[in-house]
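Read off the chains here:
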Amino acid sequence: MSHDHSSSHDPSHVDHNSPEYIQKTIKKYLAVGGILFGGTVLTVAMYYVHIPSVFWTVTIALLIATVKAGFVAAVFMHLSDERKMIYGVLICTVFFLIGLMGLTLWAMNDFPFFTLVDGKPA
Amino acid sequence: MQSTTTTTTLDTHDHAPHHDPGFLRSYVFSTDHKVIGIQYGFTALMFLLFGFLLVMCMRWQIAKPGVPIPLVSGLLESLLGDVAKGGVMSPDLYNSFGAMHGTIMVFLAIVPLAFAAFGNFVVPLQIGAVDMAFPRVNMVSYQCFAGGGVVMFVSFFIPGGAAQAGWTSYSPLATIVPTHGQTFWLIGMVLLITSSLLGAVNFIATVIQLRAPGMTWMRMPFFVWTQFVTAFILLLAFPPLEAAGILQLVDKVLGASFFLPTGLVVSGKLYDVSGGGSPLLWQHLFWFLGHPEVYVLILPAMGVVSEIIACNTRKPLWGYKSLVYSVLAVGFVSFIVWAHHMYLTGMGTKISTFFQTTTMIISIPSVIILTCLFMSLWGGSIRFNTPMLFALAFLPMFGIGGLTGLPLGFNFSDLHLHDSYYVIAHFHYVVAPGTIFALFAGVYFWYPKMTGRYMSETLGKIHFWGSLIGMNLVFMPMFFQGLYGMSRRMSDGGATYALSNAANEGVVTALTGTVIKMNVFITHAAFLLLLAQIPFIINVFMSMFNGKKVESDNPWQATTLDWQTPTPPPHGNFTKEIVVHRGPYEYSVPGHPTDFTPQNAPEPKLVK
Amino acid sequence: MEIPYAVKPRPDTGLYNAKLGIWLFLASEVMLFGGLFSSYILLRVGADLWPHGMVSIPVGTFNTFVLIASSVTVVMSWASLKLGRLGDFKKYMALTIACALGFLGVKSFEYHAKFTHYDVWFKDAATAEKYFKAAYGEEKGVEAARKLFVERFHLHNTKAVYEANQVQLPGHLEGNPLFATHRSLASAKKETFQFTPDAPFGTHDHPKPIEVKLSDVERLSAYVPKHSTYFAIYFTITALHGLHVLGGAIVLAYFLFTANTWWKKNPEQLANRVEVGGLFWHFVDLVWIFLFPIIYLL
Chain A
1 MSHDHSSSHD PSHVDHNSPE YIQKTIKKYL AVGGILFGGT VLTVAMYYVH IPSVFWTVTI
61 ALLIATVKAG FVAAVFMHLS DERKMIYGVL ICTVFFLIGL MGLTLWAMND FPFFTLVDGK
121 PA
Chain B
1 MQSTTTTTTL DTHDHAPHHD PGFLRSYVFS TDHKVIGIQY GFTALMFLLF GFLLVMCMRW
61 QIAKPGVPIP LVSGLLESLL GDVAKGGVMS PDLYNSFGAM HGTIMVFLAI VPLAFAAFGN
121 FVVPLQIGAV DMAFPRVNMV SYQCFAGGGV VMFVSFFIPG GAAQAGWTSY SPLATIVPTH
181 GQTFWLIGMV LLITSSLLGA VNFIATVIQL RAPGMTWMRM PFFVWTQFVT AFILLLAFPP
241 LEAAGILQLV DKVLGASFFL PTGLVVSGKL YDVSGGGSPL LWQHLFWFLG HPEVYVLILP
301 AMGVVSEIIA CNTRKPLWGY KSLVYSVLAV GFVSFIVWAH HMYLTGMGTK ISTFFQTTTM
361 IISIPSVIIL TCLFMSLWGG SIRFNTPMLF ALAFLPMFGI GGLTGLPLGF NFSDLHLHDS
421 YYVIAHFHYV VAPGTIFALF AGVYFWYPKM TGRYMSETLG KIHFWGSLIG MNLVFMPMFF
481 QGLYGMSRRM SDGGATYALS NAANEGVVTA LTGTVIKMNV FITHAAFLLL LAQIPFIINV
541 FMSMFNGKKV ESDNPWQATT LDWQTPTPPP HGNFTKEIVV HRGPYEYSVP GHPTDFTPQN
601 APEPKLVK
Chain C
1 MEIPYAVKPR PDTGLYNAKL GIWLFLASEV MLFGGLFSSY ILLRVGADLW PHGMVSIPVG
61 TFNTFVLIAS SVTVVMSWAS LKLGRLGDFK KYMALTIACA LGFLGVKSFE YHAKFTHYDV
121 WFKDAATAEK YFKAAYGEEK GVEAARKLFV ERFHLHNTKA VYEANQVQLP GHLEGNPLFA
181 THRSLASAKK ETFQFTPDAP FGTHDHPKPI EVKLSDVERL SAYVPKHSTY FAIYFTITAL
241 HGLHVLGGAI VLAYFLFTAN TWWKKNPEQL ANRVEVGGLF WHFVDLVWIF LFPIIYLL
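Residue numbers (my numbering), protein chains in the order written: chain A, 1 to 122; chain B, 1 to 608; chain C, 1 to 298.
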């Protein structure tokens with residue numbers, strides 16, 4: 001199981017299939033599992049500590065979620081050490097996702113001026 | 001990139017014992033990309049004809065409202081019942097046929113033909129692959145497509161008939177129509193979208209992973225590039241429509257109100273839903289697919305045309321790199337132009353300006369592509385065979401379609417033209433004499449590779465000239481009808497709003513007699529167009545048995561790898577090891593012994 | 001004929017086919033859930049009233065822990081294969097599938113609780129107040145019902161005035177029927193029905209059941225998609241996510257049950273398959289990581 005493709009043309013690369021490397025990553029997986037549990041506890045705790053500002057409540061909750069998701073993607077899904085091709089695909093996807101969400105929200109909240117009353121939609 | 005690792009796998013089929021997989025495995029549940037391509041092609045052509053026949057009924061109703069449709073009136077009445085009483089189209093039936101004409105043409109005819117059929121058959125051959133990366137996924141993709149087609153087709157015969165809310169299925173209309181046609185439409189769409197997604201994953205993985213040794217990115221035929229970009233568009237633009245379809249299905253079946261606003265009144269009564277939804281949300285999700293879909297329709301067509309032009313002018317494509325970068329740019333920008341379909345929904349000026357700007361930007365790479373293809377003709381010794389005639393006709397026809405789109409992209413001129421016959425003329429010029437001509441060209445061009453026989457040139461030329469004249473006579477007058485203010489989706493061809501109608505006396509915007517009379521003219525032209533398709537249908541079937549046999553595996557003397565296989569290509573495609581040595585369009589290279597040098601040919605001895 | 005790079009990675013891309021395939025598929029899934037999340041944001045931003053606290057946070061938190069645990073076990077099962085330990089692989093994979101089933105079990109319990117919980121709106125303010133008093137006592141009844149309303153929609157700081165007939169009374173129907181509607185009660189020829197209102201805000205003492213005349217009811221709905229856009233989007237997204245969990249569990253179970261055969265035939269391909277299945281599984285977890293705060297907490 002230890003014949004590796006990448007080491008053949010890139011000697012600086014660590015052998016991803018060697019038992020030592022896998023043993024090391026297993027520790028990483030457990031650590032990330034711990035972080036995810038902690039993050040979940042933190043998110044729920046934030047809910048019970050009432051923050052008056054809606055903006056900050058949403059921002060903090062989504063920030064924690066993003067960090068958690070980042071760990072899942074980077075470590076469990078091996079994205080921290082992935083091939084260029086996959087980065088390319090994902091960057092395009094994220095760009096279009098932002099386009100979909102952002103432009104739709106913008107379009108829904110940009111009203112023609114003559115329909116506004118005191119600067120707000122009637 | 002010059003890897004050497006495929007050799008072991010590429011030549012295994014040489015030594016593999018021959019075994020007969022049986023009829024079902026060979027033709028129905030085949031995992032061979034070529035068989036799947038032909039399955040897609042055949043199904044899509046059937047739907048193309050079916051969609052055309054639907055619109056023929058509509059054209060009759062537009063020209064002669066209330067008069068029974070000749071020839072098929074009895075059939076329609078017996079099949080569909082009350083909605084076609086006495087063979088006359090009721091407005092409901094007209095709406096059904098209109099909605100299904102659009103749906104069938106876009107999702108069941110053109111996309112499967114342009115992307116799935118040609119893509120499946122040609123792409124693996126052109127990149128020197130043995131098959132698609134995931135042959136079984138490929139088979140499932142076709143089965144989902146066929147399932148979606150069956151659901152759509154069956155919906156005509158359920159009580160109340162097929163979907164009636166247009167191919168765009170805007171809510172609330174789509175949701176509140178009391179029949180179940182829309183439910184079928186949504187289930188059909190979910191199947192078709194699944195099919196497209198599986199296909200798109202497969203195409204991208206195939207192009208990235210299975211290129212033959214030496215087939216670098218910039219040596220790929222332009223057709224492969226267009227399919228590659230198309231696959232990306234399908235992959236990323238379709239899922240939001242799938243989401244929207246699921247939401248509308250929940251609205252329709254479970255009575256939710258994602259797209260139904262608070263206080264919705266239907267037929268004078270408050271509609272029994274919770275409300276709180278947003279009709280515009282549907283439009284955003286729909287057009288997020290809807291606009292990129294336009295490029296799904298046109299890009300493969302451009303790919304087909306460029307292959308045929310390069311081969312039949314016997315010279316390289318002009319500006320290969322510009323073509324590649326342009327097609328990438330089109331694919332990219334196509335995701336952020338969608339709301340130019342929605343100028344009339346009351347968007348603010350800032351966002352309208354944004355979408356107007358991106359819309360104008362996307363026309364630049366499109367024009368570059370068209371210009372490169374025109375320039376490629378310069379100085380070529382052109383062979384005017386049928387595929388080339390269709391490819392040549394594509395250029396000006398698509399040009400007309402594209403240029404007439406600009407007034408629709410500017411929001412101030414769109415206010416007048418929106419939802420008029422002008423729009424119909426515009427997008428039909430892009431898709432009908434544009435894309436469909438390119439696809440006909442593709443059928444004539446690759447038919448010898450699929451069957452080992454040419455299609456008849458005589459019948460082909462009748463088909464071509466009849467179609468070219470018919471298409472223009474049908475769609476050109478629609479521009480004028482639209483400019484005069486005739487709205488689309490009127491089951492009486494505008495008679496209600498005609499000056500001749502006593503109720504409209506003195507109304508300056510009423511439709512003049514000339515505009516109404518054009519309806520009759522267009523309908524006659526449409527019958528001419530229908531007649532012109534008969535030679536094609538005969539040609540496809542007759543040439544399988546009577547067509548002139550090809551003299552060699554490369555009957556057009558083409559350079560790309562699809563012609564360097566046996567005819568028809570066997571399972572596994574290539575009988576020799578494929579190593580690519582050169583770019584895709586080395587025609588008439590000075591000093592080479594022939595006027596074409598295949599991509600896999602080693603450096604030829606130069607002729608002194 | 002064999003497809004190249006089905007098992008070994010292609011040297012220039014460094015990927016085997018299935019890995020690229022699953023990432024492309026996940027990209028499309030990002031857009032699918034992206035479309036749904038966009039819809040959620042839009043509906044919520046555009047809504048006059050958006051309920052809070054309709055779902056149980058402890059249950060949601062428990063399910064989050066279950067999914068995270070399954071993500072750890074699935075990546076451990078892959079690592080075990082890489083270390084050549086088939087036994088460990090089976091153990092971790094079985095744990096993963098157990099987590100998936102646990103998640104779905106809890107989810108169906110949650111769904112069932114919703115399908116048997118009802119809101120009732122009354123046809124006019126006077127009638128509504130009559131029932132509020134019957135439910136929560138003559139003196140404090142109207143106030144208690146309003147309190148539930150204010151807490152549900154976080155209306156503490158708004159100046160808007162809501163008539164009593166806009167205030168719904170939450171509770172349970174006699175016999176705990178699933179999906180009962182105004183129409184289904186009417187067609188069962190019922191003129192009145194027994195209704196047990198929910199406990200007043202902040203307490204757990206359920207009031208006694210009250211008798212409600214069907215003709216006094218303007219609208220009656222279980223917590224189903226038809227109830228409101230909140231429940232519509234809640235059920236649609238979580239059900240779609242649940243289908244992904246189910247699909248993923250079936251595929252992983254297939255890998256588990258065919259592991260012996262594949263281990264003998266081609267261990268590298270088995271590891272690849274598990275990696276690809278695992279990538280899908282992590283994605284399902286990742287979607288939940290966003291769903292949990294958005295649906296349960298915010």
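Take the hints with a grain of salt, since some may be wrong.
Subject to a maximum C-alpha distance of 30 Å in a straight line, what follows is the list of computed DSS-like cross-link-like pairs (lysine-lysine) [what the hints assert, rightly or not]:
# : chain 1 : residue 1 : chain 2 : residue 2
1 : A       : K24       : A       : K84
2 : C       : K133      : C       : K159
3 : B       : K269      : C       : K91
4 : B       : K252      : C       : K190
5 : A       : K24       : C       : K107
6 : B       : K269      : C       : K107
7 : C       : K159      : B       : K252
8 : C       : K226      : C       : K213
9 : B       : K576      : C       : K159
Negatives, chain A to chain B, calculated, CB over 12 Å [stated by the list, open to error]:
#  : residue
10 : Y47
11 : V54
12 : T59
13 : G70
14 : M85
15 : C92
16 : F96
17 : T115
18 : L116
19 : V117
Computed list of chain B residues with no C-beta within reach of chain C, every gap over 10 Å [unchecked claim]:
#  : residue
20 : A133
21 : L197
22 : P239
23 : F288
24 : K321
25 : L344
26 : M360
27 : M375
28 : P568
Honestly, the hints are just simulated from the structure, not real lab data. Virtual Cβ for every residue (Gly too), placed ideally from N, Cα, C.
Structure versus earlier hints - violations, ascending order: The structure conflicts with hints 3, 5, 6, 7, 9, 14, 15, 16, 17, 18, 20, 21, 22, 23, although it agrees with all the remaining ones.
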